[in-house]
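Residue numbers (this note's numbering), protein chains in the order written: chain Y, 1 to 345; chain P, 1001 to 1238; chain H, 2001 to 2406; chain G, 3001 to 3288.
These are computed hints drawn from the structure, not numbers from a lab.
It is possible that part of the hints are untrue.
[What the hints assert, rightly or not] Here are a few chain Y residues that face chain H, going by a calculated C-beta distance under 10 angstroms:
#1 Tyr30
#2 Val34
#3 Ser129
#4 Ala131
#5 Gly138
#6 Asn139
#7 Ala140
#8 Gly143
#9 Gln152
#10 Trp238
#11 Leu246
#12 Gly250
#13 Gln251
[What the hints assert, rightly or not] In silico DMTMM-like links for lysine to aspartate or glutamate, alpha-carbon gap of 25 angstroms or less:
#14 Lys2120/H / Glu2403/H
#15 Lys281/Y / Asp2097/H
#16 Lys2261/H / Glu2291/H
#17 Lys3282/G / Glu1059/P
#18 Lys3033/G / Asp167/Y
#19 Lys2120/H / Asp109/Y
#20 Lys7/Y / Asp1110/P
#21 Lys1213/P / Asp1025/P
#22 Lys2292/H / Asp2330/H
#23 Lys1213/P / Glu1007/P
[What the hints assert, rightly or not] Chain P stretches covered by chain Y per the calculated footprint, using a threshold of three residues with CB under 8 angstroms from any CB of chain Y:
#24 1086-1098
#25 1104-1113
We put the CB at the ideal spot given by N, CA and C, even for glycine.
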Amino acid sequence: MPGSLSKDAITIILVTAILIWVMPLMIGTYTLTVLIVYGMLGLSLGLIWGFGGILCFGQAAFFGLGAYTYAVAAINIGESTVPMILAVIVPAAFAALLGAMMFYGRLNDVYLGVITLVVTLILFKFINSTAGPQYLIGNARLGGFNGIPGFQTLNVPGRPDDYIWGDSYFYVCAVLLGLVFFLVSALLRSSFGRIAVGIRENETRMSLLGYDVRARKTVLFAAGAAIAGLAGALFANWAEIVTPSLFSLGQSAEIIIWCIVGGLGTRLGPVLGAAGLAYLKFLLGQQSLVDNTLITGLILVLFVLFLPKGVVPALAGLWKVSFGRRPLGRIHQQRRMRNRGRVNG
Amino acid sequence: MVETVLETHGLTMRFGGVVASDNVDFKLRARELRCLIGPNGAGKSTFFKCVTGLQTPTEGEVYMRGVETTHWMPHQIASLGVGIKTQTPNVMDSLSVFENIWLAARRFHDPKDANRKTQEIIERLALGSIARDDLGRLAHGERQRVELGLVAVGDPWLVLLDEPAAGMSAEDVERMTEIIHELNKTAAIIIVEHDMQFIRSIAQVVTVFHQGKVLMEDHVDRVMSDPTVRNVYLGKKV
Amino acid sequence: MSLNRRKFFASTAALAGASMLPRAVMAADTIKLGSILDTSGIFDAYGKPMDMAARLAVDEINAAGGLLGKQVEVVAYDTQSDMALYSQYGQQLTRQDQVDVVHGGILSASREAIRQTMRKTRTPYFYNVLYEGGVCDRNIFINGVTPAQQVEALVPYAMGKSGKKVYILAADYNYGQITARWIQKFVADNGGETVGVDFFPLDVSDFGSTIAKIQSVGPDLVIAPLVGGAHLSFFRQWAAAGMKDRIPLASTTLGVGNEHKVLTPEEGNGIMVAYNYSQELDTPANNAFKEKWADAYGDSNLIHEIAVSNYQGVMTWAEAVRQAGSMDRDALIAALESGLSIDGPAGKITVDPKTHHAVLDVHIMEIEDQGMKVIETLPQRQPIDTQAVCDLSANPDDNTQYEIEI
Amino acid sequence: MDLTVVILVEMLYAVASLILISAGLAVVFGMMKVINLAHGEFMMMGGYATITAVNLGVNIFVAMLIIAPLVVGLIGLVVERLVIRHLYGRLVDTMLATWGLSLFFIGLATMIFGNTTTGISTPIPGFAIGNYQINGYNFFIIVVAILLLIGMLSILKATRAGLIARGAMQRSDMAAALGYSPDRIYMATFFCGSALSGLAGAVLAPLVGLVPTSGGAYIAKAFITVIAGGPSLIAGLFSSAGFFGVVNQIFTFAISPVIGEVALLVAAVVLLRLLPQGITGKFFKGKL
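Bound conformation, chain Y alone (with noise of 0.2 angstroms):
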């Protein structure tokens, strides 16, 4: 990779302090904090998918898991701090028994497409199941299709009574992402990175080269999880809600597609993939001319068709064309890579 970390850290800091400056002019903050946290949830697929070959169709679940694991821990503790770590901690534990149980057990491809698939949609049922009384964690109601309202919203850590929220709220959103976008940059330029991308190209060889494929593609799917469940604790932070309808298919469709859309392989296109996906989604709210739905799924259709590898590979494309310079970040065969594995049978 070209370039070194320190180059990345300030080019990162000045993107993210520009961002932070001029955004605001243009969208208002509330709705600019949920586009950052959709980013980050992007981010966090983006790193298992583009860059470890883990297509998981149950990112949701780790997003729902660490806005809920926020919830309940905000409701009985009354103080943010310790219910953000959990809501890191948590999606990631889960994720690493999760993945143990999935890579250990050799299973890829389409199969691990099911196993997460069919693991969101028994978090959404359990969820969705749960208005009665009986349903309780500690002093927390988990409220069932209602989901969790009225929890404590994030604070200066030790004040509980200081609350950060609307501008102040943004930018500790869009310092968080950046901060995770930095630690992307650096996992993938440590040879963890580099290790996993080798895995994500040839499982086989990188095995026969001595490495533990499973163990390594456990840790990142964990790595994963835990910026999806930050993700999920800020957007609970946001909403002041949580419902069911963060461990949907619905959302897990939803962050694959702001992946494709963005570009695999790549840490800023599913980023803007997200953000710009999830603005569109917002606009769209607002006219009622054609269908959402429908508008989505075209978007999905006509990527896959003319523009597989995504807006951010193919502007960087053109950049190198008409520039001649080697643009940053790596574009690869994300085509060939994300239909590597065929099904057995």
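Given chain Y, work out where chains P, H and G should sit, using these hints.
Chains P, H and G only, in chain Y's frame:
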């Protein structure tokens, strides 16, 4: 006394009713170079896969430098210092030559040393001019050479090669032979091969497989002149 | 195809442009009414007519000269039957659009998603939907029917026509959970016995095993507070199994979204319900309303219970603004708490000052040939369930949804 | 005793409906290694085709058994020509594209039919088993599922097209080597698969109400059933639908429908973990 680096006892592999590998006893001494030959379906590849952990044998044991590795995973076996090259080119296609070899080097060295080792291997294998190219764009012979580089960079004491010369030009084969001899200075080598020309040029002792069993094991010249072996290869020019 | 797409992009661009305009350009010479409803997605059978009703009401108000000399402007968001979008658009309405009042929310889940936002931003909020009762919050006004108004009337009537043993099938969320408890209470109060309660998430649509289970218990009556399109299949499968003539059915929700017009007469006839409104109400007010609706939308067939509630909610708010003479929140609440009432299509609606709920007429009805035939009218029922736990004049800072304990 | 019979019928019905909802997906997956995530929407369109036809005065059985499969089959044909054709051999891309299609069709159906639940009455009266009334339509579904399996089996075993299909399932290049254009085989397969989806949607429509998002309820189940079934088309379909249907109904009767669904999903995870090749990857090898 010369150390035994690889030993199998009664190695048997059944697929349903088919016995692909039948009670194979095998021994390899340090820095020995051994070729495994035999017609298609003789059980060479099954033997290879059982030894490398790609398949788990139904019965029997595998020992490497005295350690039993029968039920180990490939990565555990590789971690012992065993270099493995499978039949078809098995590389990371969308990564560069440097990155490919670096990934192999990184397994046994910290990042800095891995960079140095990678450079060394690239020079040794004369890959300098293509070091930044993606593997997917290279010719078959070059890819095979890179894969040998992946094996060599780990400083293995045992190298297992499955048909390294398949589909290569004469010139490439010659280069390959050099590299193998070079590797053989520090490592025992097993080569599974069809190409008799290549075997003649490289081998000393040859093990012949037939119907899952070891048919004979002797010096290459004696094996080539053996009537039973000729019979097994019926019709094939030996 | 390409034309459509171009048209779509053009409209998107226009929207984007509009939303980027500085807020100051849209001067405050109108009164802004925020509306937040599911006009697409699985709950749009409820939401679309509600939206139409709100717009009808606003047009009527504007045609009569507006309020306080200003026109009323509707700022509407479609929440697409997605609970998460409620909080998003709720924030949008209050913080960015800074509307003067919000009408909307359909499912109890959606109300709870935005209620605190409305309270925090001091935006008066009208929830105009039949619901489970118990919300006690000075910022919210509710004119939907509550269990004490509906279930208390329906249960004895239905038990009188069937028997003492009751089986309950309820939607699995706060509405169904709480309503089921109310039903159990009123069954017990009337000397009956609840022999089974089952809850179903909103996406369950196969009731075969449930129907078998009900038969193995053998109740005299089944009461079904089921919600949404998927649950509608219960009534179909019940009829298909030939159960309709064996065990009578009552529901606290069937028909609220005009579901009885989707069921065939064979499937629907005889199901007992109780609501504030029915298209079959033969009153001058209702006939005039149906005519107005038909003039605006061509056909009055879409009108349903909560569309009328929404219409009445907007009208109640407008009346309060006129009486208060200002858009100030406290003046508005004071006007509403003065015991204000209006005459809507469903009769007289009076705001109950203690609970901010409504005193209204309830009709016991039976479904007949895709209509709701009025059997008995119970005039001006008090929301006694909420009155028992909520007194906003004594505790103006109360902010709870009380749930019945049994 | 009566209850036992009722439970047994419900179990058979659960198995039959799983077979029905999975058949179309299984055919397309088995023959083309394409996972059609718009399968649920194909079923939804089958339902709408039926209801529209019935409302236009067509006999309900004609609408369900002929019109709906034809209409959806033709839609499938168009989809295959416009989209799927370009993506053969790219498993994940076809999944994503068909996912997009599924959203597209939901949107389209919403714009055409609106989001209000529609439905038609079941054409078969309920009848009594001892003291119990059960839905007579359950039997109709069981019969359709049985006929479907027999039909598929006999087509595969006894006809020329079936022979080619079996060849294509084993080795996709085989049919091409025999001189059949794979392009046309895929077209025909996708048509048949779509028609089966349409049939399933049509037959189930009278039982459950129909909204444009109805398909979502089926796709996950169908997906699980097909993958868990493994490589053999009919044996796989039958065994995994049987397994899941029975598990589902046991827990539904013992606890509740939701737990029944969850039990089905948990069973799927356990099954795939233990038999990653699906049921017929391990047993019934080489059967149809």
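Okay, which hints does this one fail, numbers in order? 5, 6, 7, 9, 18, 19 and 22
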